[in-house]
Amino acid sequence: MKTALIVSTFPPYKGGMGNSAYEIAKILGVQSETVVFTTLYPSASSAIASVARDDNFTVERLKPTWKIGNGAVLLKLWKKLKEFDVIYLHYPFYGTAEIVWLYKILHPKTRLVIHFHMDTPNLAWRAKILSWPLLFVKNNLMKQADKIISASLDYVAHSSIREIWKKYPAKFVEISFGVHLDKFHVLPHDIPELQNLREKYGIGEKDRVVMFLGGLDEAHRFKGVEVLLQTAAIIKQQVSSIKYLICGDGNLRSKYEKLAEEAEIKKQIIFAGWVPDEELILYYNLADIFVLPSVDKSEAFGMVLLEAMACGIPVMASDLPGVRGVFEHGVQGFVVNPGSARYLRLKLEEYLKYPQKRWKMGRAARELAEKKYDWKKIGEEYKTKILNFK
Numbered sequence: 001m002k003t004a005l006i007v008s009t010f011p012p013y014k015g016g017m018g019n020s021a022y023e024i025a026k027i028l029g030v031q032s033e034t035v036v037f038t039t040l041y042p043s044a045s046s047a048i049a050s051v052a053r054d055d056n057f058t059v060e061r062l063k064p065t066w067k068i069g070n071g072a073v074l075l076k077l078w079k080k081l082k083e084f085d086v087i088y089l090h091y092p093f094y095g096t097a098e099i100v101w102l103y104k105i106l107h108p109k110t111r112l113v114i115h116f117h118m119d120t121p122n123l124a125w126r127a128k129i130l131s132w133p134l135l136f137v138k139n140n141l142m143k144q145a146d147k148i149i150s151a152s153l154d155y156v157a158h159s160s161i162r163e164i165w166k167k168y169p170a171k172f173v174e175i176s177f178g179v180h181l182d183k184f185h186v187l188p189h190d191i192p193e194l195q196n197l198r199e200k201y202g203i204g205e206k207d208r209v210v211m212f213l214g215g216l217d218e219a220h221r222f223k224g225v226e227v228l229l230q231t232a233a234i235i236k237q238q239v240s241s242i243k244y245l246i247c248g249d250g251n252l253r254s255k256y257e258k259l260a261e262e263a264e265i266k267k268q269i270i271f272a273g274w275v276p277d278e279e280l281i282l283y284y285n286l287a288d289i290f291v292l293p294s295v296d297k298s299e300a301f302g303m304v305l306l307e308a309m310a311c312g313i314p315v316m317a318s319d320l321p322g323v324r325g326v327f328e329h330g331v332q333g334f335v336v337n338p339g340s341a342r343y344l345r346l347k348l349e350e351y352l353k354y355p356q357k358r359w360k361m362g363r364a365a366r367e368l369a370e371k372k373y374d375w376k377k378i379g380e381e382y383k384t385k386i387l388n389f390k
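Just so we're aligned: 379 in UniProt numbering is position 379 of the sequence shown, and the numbers increase by one with no gaps anywhere.
In short, the hints are calculated from the structure, not lab data. Be aware that one or more of the hints could be misleading.
[Unchecked claim] No farther apart than 27 Å at their CA atoms in a straight line, the calculated lysine-lysine pairs in the BS3-like style are these:
(1) Lys347 - Lys267
(2) Lys167 - Lys147
(3) Lys385 - Lys171
(4) Lys26 - Lys376
(5) Lys236 - Lys267
(6) Lys360 - Lys206
(7) Lys385 - Lys167
(8) Lys385 - Lys372
(9) Lys82 - Lys2
(10) Lys26 - Lys14
(11) Lys353 - Lys206
(12) Lys371 - Lys360
(13) Lys82 - Lys67
(14) Lys2 - Lys63
(15) Lys383 - Lys26
(16) Lys26 - Lys372
[Unchecked claim] Derived CB-CB ranges, DEER-like:
(17) Asp55 - Lys255: 32 to 42 Å
(18) Lys109 - Pro188: 54 to 64 Å
(19) Gln195 - Lys2: 46 to 56 Å
(20) Glu174 - Pro355: 33 to 43 Å
(21) Arg342 - Lys267: 17 to 27 Å
(22) Ala170 - Glu199: 52 to 62 Å
(23) His107 - Val186: 45 to 55 Å
The structure displayed is predicted, hence computed values, not measured ones. Note that beta-carbon positions come from the ideal geometry of N, C-alpha and C, so glycine has one too.
Full structure from sequences and hints, please.
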């Protein structure tokens, strides 16, 4: 069996969809000859570039006919699909999902699996242009699918495809994302590597660290960095011993740095830039709490929450469909009102006041990661629910 996995972004591009597609490609590659089709990475120059890795799948980066943001029209994909038995589309992929839709109509025997990641309610106007054609075919695309996967049926129930879910519930399968427990785990607090990081960023022994990890670009504006900065400005008046470790980069970083300067919280905000994958475990273990203050339904899950919890770090995330089901409120962390800096401040202050609560939540976070989110267990779900479906 041959599987074509189609996704708008893929490593080395930083993002949850691409990272999850990478892990799923490894799972599919165990039982199926798998080829990942994606767009050219910005630094690539060849028309079609292959990524050489010690993986059980191959990657073809197709030169798009037209590209806006993370959307792209991959006309070259059409001929290539004829070689495959299964198409696995990571949705949304504006400009290319339409190609898959038409191909499935004309080749109904080709099995179609759609991984529904999220809606995109607040696209930039240029990206909306590329998304318009899909508005007319999206429902039919979902009907054409043999299976539709989502990390959260709670999210699906509040999404743009909720009517499809109600009408064709048997199509839908809930399979969570996962985390590698051997890669992300609890470290002793006194190891030299953590001490070096504290010295690098000027973090004192009494400082509490609030961590964020995500893209600082237009495509990830929904992550709520502005809300976090507003929260920091409010808390500054009561608590000065907090450092906000913002990991990530993008074209909005300079704007966020300016906002921090204008709010007179520059000394408390650490813009760390992109962190190499092998160093992420250190940054998570440096934190007292991890926050994901996303503002709308563009956030559907939050794989970074799993990584933080695997490192024994309590989490705080917005009360949004999908996201709120990742952990239990009051046990591994807190859900907060999306877009509310004042509510986020109240919960942060409440949390940071009680060290024993932090430690208890941290232990519960690691236990949840081990019980529910181990990629090895998730892989078994794919084998039983997806790889063997007829």
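Hints, verified against the model:
As the CA atoms of Lys347 and Lys267 are separated by approximately 22 Å, the hinted pair is consistent with the 27 Å bound. Between Lys167 and Lys147 the alpha-carbon distance is near 14 Å, which keeps this suggested pair within the 27 Å criterion. Note on Lys385 and Lys171: the hinted pairing holds, with a Cα-Cα distance of about 11 Å set against a maximum of 27 Å. Of the supplied pair hints, the one linking Lys26 and Lys376 holds, its CA atoms being roughly 11 Å apart against a limit of 27 Å.
Taking the CA atoms of Lys236 and Lys267, the gap is about 11 Å. The hint holds against a cut of 27 Å. A C-alpha spacing of about 20 Å is found between Lys360 and Lys206, which places the hinted pair at or below 27 Å, so the restraint holds. At roughly 20 Å between alpha-carbon atoms, Lys385 and Lys167 fall within 27 Å of each other, so this suggested pair holds. As the CA atoms of Lys385 and Lys372 are separated by approximately 17 Å, the hinted pair is consistent with the 27 Å bound.
For the given pair, Lys82 sits about 10 Å from Lys2 by alpha-carbon distance, which is consistent with the 27 Å threshold. In summary, the hint linking Lys26 to Lys14 is supported, as the alpha carbons are separated by about 18 Å, within the 27 Å threshold. With a CA separation close to 12 Å, the supplied pair Lys353 and Lys206 stays within the 27 Å bound. Annotation: proposed proximity of Lys371 to Lys360 holds, straight-line Cα distance about 17 Å (limit 27 Å).
The straight-line distance between the Cα atoms of Lys82 and Lys67 is roughly 24 Å, inside the 27 Å bound, and the hint therefore holds. For the proposed pair Lys2 and Lys63, the alpha carbon gap of about 22 Å is at most 27 Å, so the pair holds. Restraint check for Lys383 and Lys26: the C-alpha separation of about 12 Å stays at or below 27 Å, so the hint holds. At most 27 Å may separate the alpha-carbon atoms for a hinted pair to count; Lys26 and Lys372 meet this at roughly 19 Å.
A C-beta distance of roughly 36 Å is found between Asp55 and Lys255, which places it inside the suggested range of 32 to 42 Å. Our hint of 54 to 64 Å for Lys109 and Pro188 holds, since their Cβ atoms are close to 56 Å apart. Distance hint for Gln195 and Lys2: a CB-CB separation of about 50 Å, consistent with the stated range 46 to 56 Å. A hinted range of 33 to 43 Å holds for the C-beta pair Glu174 and Pro355, which are about 36 Å apart.
Between Arg342 and Lys267 the Cβ separation comes to about 22 Å, which falls inside the hinted range of 17 to 27 Å. With their beta carbons about 56 Å apart, Ala170 and Glu199 fall inside the hinted range of 52 to 62 Å. Distance hint for His107 and Val186: a CB-CB separation of about 49 Å, consistent with the stated range 45 to 55 Å.
Hint check: no violations occur; every hint is consistent with the structure.
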